[in-house]
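Could you put the whole structure together from the sequences, leaning on the hints where they help?
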Amino acid sequence: MQKIGIRPKVSIIIPLYNSELYIEECLDSIINQSLKEIEIICVDDASTDRTLNIVKNYALKDNRIIIIENEKNLGTGGATNRGIYIATGEYIGAVDADDYVDLDMYKDLYNLAKINNLVVIKGNYYTFIHENGKRIFTFHKSAKEDFHYDRVFFPLMEPNMQYFSYHWAGIYATDYIRKYNITWNEDEKSRFQDAGFCFKVLIHGGNMMFVNKPYYMWRRDNPNSQTVIKTKEYALGICEEYKYIRAYLHKFPREEIVLKTFFYNRMFNSYMWKYKCNTDEVNKIFLTRWAQDFKNAIDNDGLNKECFDEWTWRRILYLTTYSADVSKKIVSIAKLADILKKSKVEGYYIYTFNGEGKEIYDNLIAYNISKSLLGFIKENVDKYKEESMYYDYPSCKKDNVLFIVKAYHLEFITILDHDKMNYVVMM
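Just so you know, we're using our numbering here: the sequence shown kicks off at 830 and counts up by one.
Please note that the accuracy of each hint is not assured.
As the list claims (entries may be wrong) - Derived DSS-like pairs (lysine-lysine); straight-line CA-CA distance at most 30 angstroms:
| id | residue 1 | residue 2 |
| --- | --- | --- |
| 1 | 1029 | 1105 |
| 2 | 1187 | 1170 |
| 3 | 1061 | 1164 |
| 4 | 1170 | 1113 |
Unchecked claim - Cβ-Cβ distance ranges computed for the label pairs, FRET-style:
| id | residue 1 | residue 2 | range |
| --- | --- | --- | --- |
| 5 | 885 | 1042 | 29 to 37 angstroms |
| 6 | 1196 | 1004 | 54 to 62 angstroms |
| 7 | 879 | 932 | 19 to 27 angstroms |
| 8 | 1008 | 1061 | 32 to 40 angstroms |
| 9 | 1083 | 917 | 30 to 38 angstroms |
| 10 | 1004 | 1124 | 37 to 45 angstroms |
| 11 | 1196 | 1081 | 51 to 59 angstroms |
| 12 | 1042 | 1010 | 29 to 37 angstroms |
| 13 | 877 | 1101 | 32 to 40 angstroms |
| 14 | 1167 | 901 | 39 to 47 angstroms |
Derived from the structure by calculation, the hints contain no laboratory data.
Backbone N, C-alpha and C define an ideal beta-carbon position, used for all residues, glycine too.
Spelled out as structure tokens, the structure:
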């Protein structure tokens, strides 16, 4: 236990909302940290289950636990901000109530932060789910390349460095957070507000370090998590958050010039991730918003191909040109089976990319529609010389041939559209 009057080394904020199934594992991993000089700020966001009672019982045994009770639900942003406002530690960290952390996380990160006088330090993490009664872990890096680790760098001096880890992966200097009034977006339409928080941290130019060790365990099978919920509001909420970030970045012209490319790449990747998570029906709405946001950036914010690799830029061009048509053609495998049974299509090709053609084919077999397969359009076909494709796949020009393509390989469809071919987009 910390002594009264001694400033905590790290303040750990836990936003709580109906987390009774997970909060004990979360709190156990924090109160048993090898770094003892911590304060644990639990912000209950008007839970309706036993979460608050469980936390109060922990607080009776550990005076490092501080409880804030919100009279009404403020959302993750509002709850986290209330913790930031009262934090007294040298550094601030956060843990979601359904996750847990390595027992040495805050000791390791704090010691390295002090030695290197860091504003931000982050580690790697695991995601986990449960299958057949077992917990299955998947390792994730916070930075793309090994040489990005274990060194001090300044984000504004390395804007093209491929990283953008989650807020809970590390700790942040409290004085820095207060100096620049870095808080979470509390707009009720926004979701995934940690994106805005992390961008604010980058914009103000503090130094950072990544540690090549996993510390955080992120639960991916909580049905109430915003990363799992697949409603229209949650899908469009990520768009609102990036709208908020863009407006904030615009307030800092010099930093805006440096981080603009990084921002739009992160925005595209975040939209792509959410697109893969959504249901078919939600994606019909989400795809339209996605196209609108990037068309607006091209028309009004100077967005161009210099900001992206060729792969991404082709998808952006396609999205902003053909989104309305594509949204009508997005189908699930079950819908595709129905299309093939009712139509005059005699066969189909699968466009394969990184082995995904085999995945599509295996799923089609389950629906007893594999007999119509004519072949695979290989990813190494020169897609921009049509005669090459026709030579290798002579039946491609037939009207009764269907093409199946993964939703996030949309640029291939431009050729099929050009020749007025039939295609469907698989989720």
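Hint check:
1. 1029 / 1105: 26 angstroms, holds
2. 1187 / 1170: 21 angstroms, holds
3. 1061 / 1164: Measuring from Cα to Cα gives roughly 21 angstroms; hence the hint holds.
4. 1170 / 1113: 24 angstroms, holds
5. 885 / 1042: 29 to 37 angstroms: Since residue 885 and residue 1042 have Cβ atoms about 34 angstroms apart, the given range 29 to 37 angstroms holds.
6. 1196 / 1004: 54 to 62 angstroms: With a Cβ separation near 59 angstroms, residue 1196 and residue 1004 satisfy 54 to 62 angstroms, so the hint holds.
7. 879 / 932: 19 to 27 angstroms: Given a distance of about 25 angstroms, which is inside 19 to 27 angstroms, the answer is holds.
8. 1008 / 1061: 32 to 40 angstroms: 38 angstroms, holds
9. 1083 / 917: 30 to 38 angstroms: Given a distance of about 33 angstroms, which is inside 30 to 38 angstroms, the answer is holds.
10. 1004 / 1124: 37 to 45 angstroms: Taking Cβ atoms as reference, residue 1004 and residue 1124 lie about 41 angstroms apart, which means the hint holds.
11. 1196 / 1081: 51 to 59 angstroms: Once the Cβ atoms are compared, 52 angstroms apart, the range 51 to 59 angstroms for residue 1081 and residue 1196 holds.
12. 1042 / 1010: 29 to 37 angstroms: For residue 1010 against residue 1042, whose Cβ atoms are near 31 angstroms apart, the range 29 to 37 angstroms holds.
13. 877 / 1101: 32 to 40 angstroms: 35 angstroms, holds
14. 1167 / 901: 39 to 47 angstroms: With a Cβ separation near 46 angstroms, residue 1167 and residue 901 satisfy 39 to 47 angstroms, so the hint holds.
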